[in-house]
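Residue numbers (the working numbering), protein chains in the order written: chain A, 1 to 107; chain B, 1001 to 1149.
Honestly, the hints are just simulated from the structure, not real lab data. A quick note: this is a predicted structure, and the numbers were derived from the prediction, not measured. You may find that some hints are simply not true.
When the alpha-carbon atoms are kept at most 16 angstroms apart in a straight line, the in silico EDC-like pairs for lysine to aspartate or glutamate are as follows [stated by the list, open to error]:
#1 A:K94 to B:D1021
#2 A:K66 to A:D49
#3 B:K1126 to A:D45
#4 B:K1144 to A:D49
#5 B:K1144 to A:E99
#6 B:K1077 to A:E99
#7 B:K1142 to A:D49
#8 B:K1049 to A:D45
#9 A:K94 to B:E1068
#10 B:K1142 to A:E12
#11 A:K94 to B:D1121
#12 B:K1049 to A:D49
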Amino acid sequence: MSLKDDLLPDLEPRYQVYLGIPRQFIPWYPTIDADLCIGCNKCMDFCHDTVYAVDLAAKKVIVADKWHCQVYCQSCTHACPKGAITFPDRADVKAVIRELRQKYPAY
Amino acid sequence: MKTEHNFELGFDKFQLKVPQDLYYAGYDTWVRVEGENAVIGMTDFIQTKVGDIFFFNPVEAQALEQDEVLGTIESIKATVDITIPVSGDHLEFNPALKSSTELISNDPYGQGWIAKLHLTDWEMDKSMLLPANKYFELMQEKVKNALDD
């Protein structure tokens, strides 16, 4: 199996890999606490990678394209006035990425 | 474009430089290795994202691991985390940024450096970093995407 075989075909090329590693193997993306979200859309306004979308029925923001999230970017949390957005522990994700680096060599 | 020391790309009002003697993280920070120590900063690309920076808030730490948050910068557009590209201890921040945060944008590879530290895991950290030519390719892609937005 090559790197190309492991890429998600439905993702735009710019979102398919992170440093040569298939993006979908890296568990870095936001989670929104729906009970805290007030649907202000400030996270959507901040993020240019269309990670977020609006659930019109619930009048809240949802994570629509989690693999669009830039690895280690969590600056959208600063935009949320309610602290509704959380991310995985960086150390855990780093361990996963370093393990994947063994399979997908550096440039 | 490639000059003697930099890769360069014009974007909007910016002339974005990528010095060839540095290593880069995908999240737009650079590291200059000086023996067992290193200097860290943000790349030219960040100014296109955040605009004028008016505040830098460093974390309170003496040591950090690669990919941890080094601090936050605030601009008129947004508050953005800065992620550290290498692991190290004896961390010290650029004292000039207390009064002159514009240095981060105006001289990102010189007087606008963010922090210095003693490297503790350089060989492993390096495997997760990009050489200048690869980061320049990534930055070109980011610029293209910014133009498409």
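Verification of the hints:
Between K94 (chain A) and D1021 (chain B) the alpha-carbon distance is near 25 angstroms, which puts this suggested pair outside the 16 angstroms criterion. Taken as a hint, the K66 (chain A) and D49 (chain A) pair is honoured in the structure, with Cα atoms around 10 angstroms apart against an allowance of 16 angstroms. As the CA atoms of K1126 (chain B) and D45 (chain A) are separated by approximately 34 angstroms, the hinted pair breaks the 16 angstroms bound. For a cut-off of 16 angstroms, the pair hint linking K1144 (chain B) to D49 (chain A) stands: about 13 angstroms separates their Cα positions.
For a cut-off of 16 angstroms, the pair hint linking K1144 (chain B) to E99 (chain A) is broken: about 31 angstroms separates their Cα positions. With a C-alpha separation of about 36 angstroms, the suggested pair K1077 (chain B) and E99 (chain A) falls outside the 16 angstroms cut-off, and the hint is violated. Using a Cα cut-off of 16 angstroms, the hinted pair K1142 (chain B) and D49 (chain A) holds, with the two alpha carbons roughly 11 angstroms apart. For the hint pairing K1049 (chain B) with D45 (chain A), the CA-to-CA distance comes to about 13 angstroms; that is within 16 angstroms, so the pair holds.
Between K94 (chain A) and E1068 (chain B) the alpha-carbon distance is near 9 angstroms, which keeps this suggested pair within the 16 angstroms criterion. Proximity of K1142 (chain B) to E12 (chain A) is assessed by CA-CA distance (about 13 angstroms); at most 16 angstroms being required, the pair is judged to hold. Pair hint K94 (chain A) plus D1121 (chain B) holds up; C-alpha atoms about 14 angstroms apart against a cutoff of 16 angstroms. This hinted pair checks out: K1049 (chain B) and D49 (chain A) have alpha carbons roughly 13 angstroms apart, not beyond 16 angstroms.
The earlier numbered hints that this structure contradicts are 1, 3, 5 and 6.
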